[in-house]
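*Asks:* All the letters of the sequence shown, read from the start, carry residue numbers 819 to 1280 under my numbering.
Hint data in this document are derived by calculation from the structure and do not stem from the laboratory.
Just so it is clear, the structure is predicted and the values come from calculations on it, not from any experiment.
Since no wrong hints were added, every one of them can be taken at face value.
DSSO-like mimics (lysine-lysine), calculated; alpha carbons at most 27 Å apart, straight line:
hint	residue 1	residue 2
1	LYS1077	LYS1054
2	LYS1263	LYS1054
3	LYS1263	LYS1077
4	LYS1091	LYS1077
Computed beta-carbon distance windows for the label pairs:
hint	residue 1	residue 2	range
5	GLN1076	GLY1037	29 to 37 Å
6	SER1053	ALA1255	20 to 28 Å
7	LYS1263	PRO1119	41 to 49 Å
8	SER1178	THR1259	40 to 48 Å
9	LEU1196	ALA1102	34 to 42 Å
10	LEU1132	GLN1197	18 to 26 Å
11	ALA1254	GLU1023	31 to 39 Å
12	GLU1258	ARG1193	33 to 41 Å
13	ASP1092	GLU1023	22 to 30 Å
14	LYS1077	LYS1167	38 to 46 Å
15	PRO1133	PRO1051	46 to 54 Å
16	ASP1136	LYS1077	37 to 45 Å
17	SER1178	ASP1136	15 to 23 Å
18	ASN1099	PRO1019	18 to 26 Å
Ideal Cβ placement from N, Cα and C applies to all residues, glycine included.
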Amino acid sequence: MFGFLKRLFRFGKRAEPEPEPVPEVAAEAPPEEKTEAAAPAAAAAVEEPKLDPTKIVVDDATPEDEKFDATSAAIAKARAAAEKSAKGSIAHGGGKVPEPTRKTVDLTADEEAAIAAAAAERLRTRKFRLQILLQGASAFLVLSILGGGTGYLTTLEPPEPPAGHVVEFDMPVLGAGWVGQQGAPGVPKPAEVTLLATIDPDLTEDHPLGPLPRIADDGRKAWRHYARPFQNPESKPRIAVVIGRLGLHHANTEAAIQKLPQEVTLAFSTAAKDLDRWVENARAAGHEAIVELPLEPTEFPRVDPSPHTLLSRLPADDNMLRLNWVLSRFGAHIGVLPVGADLFLGQPKDAQFVMEALKSRGLMMLDTRPTGDNRAFLQARQVGLPVAVVDLMIDRTPSRAEIDRALAALEALARKDGFALGFAATPLPVTIAAVAAWAETLEDKGILLAPASAMVMAPRES
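Given these sequences and hints, build the entire structure.
*Replies:* Next up, the structure:
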């Protein structure tokens, strides 16, 4: 019994990271306010002039490109304001940074400074989630005694986790959704992986709106089958990066697909044209794909992510129709990235509705909610929906210097906790260039770049 509680306590230490704010806004967003960077630079660092995200030069600009460019600056401004508001509502535990909970490493002074802000924000949620796990252990002990005392407990060796408990997968189970030369038996070499562009008919439901993902009769799920393979036999620190709003800007989308490492996960907007072609190209280049799901924000209707936004005021049938429309925009995706979402996911009934629908179709969710608001994450655990949680927004300020600082903070978090997940809301050229250059340095640092699916927390399955 003590061995089981010890293992359960260890799961509590593997606390999931807390997301950074990712508001999705329209062009009339509030003015920008100055915010502190997620990872402060060394005192001698020289600030680079901030780039104007509206000045993107392309040779084949379309009306969709111009619309994308016009809103990029507003998104960056609103992000800064939302970040300041979110930080103001969080108790940081006296400003103390928590001690390492999974392993002890020697960090440099710069690395300690880089993780201070993020670690402090994660402290409150970590303690809260650990408390929930311990309460679950107490309840399990009572049920075990009622079920027959120690004789009942001995039948659970090694014990399975209680219903709804979550554990972390080091990698998705490899399905038939990839091809490539093999390294070790069953382990593809990362640089040679090509993901199949076609959708598996066994994982597809015919629907008037288009093909919808489904759980195969043999139990296979889309979030695993279409995931990029990942192996970490040496248990090295791992970092995942997700780039959002793909498909809206032709040149930037093409650059993200071709210039970013294959391990970077790409999130596509349902407002984009030729989504099937974009996703086919992305998977052929080795990237796993995720679809952006527009959910009602607090500022609705002033801010409306999409004509197909799910709204708390709509009947369930109408929201299901909108959800099915989003999920059917393109095939071979692993799940959804909510945009807007703060109002909709803040309503337990609405959040449960969409999470159960996603779970029933074998999909995952990427949680990018504001720091300190873990309601969506906790509800996903209760429903049993596989979820990955963002640690840091890497393009909160779209300048090379600030993005480099955020990437350095991800490294420090990964060394401290074993993993970290970064998110860029827009595929600006400066972001793509920074991530591509940074990724080339990771191997020498002993850090692995991983797909977002390798960060998923999911219920243990029999």
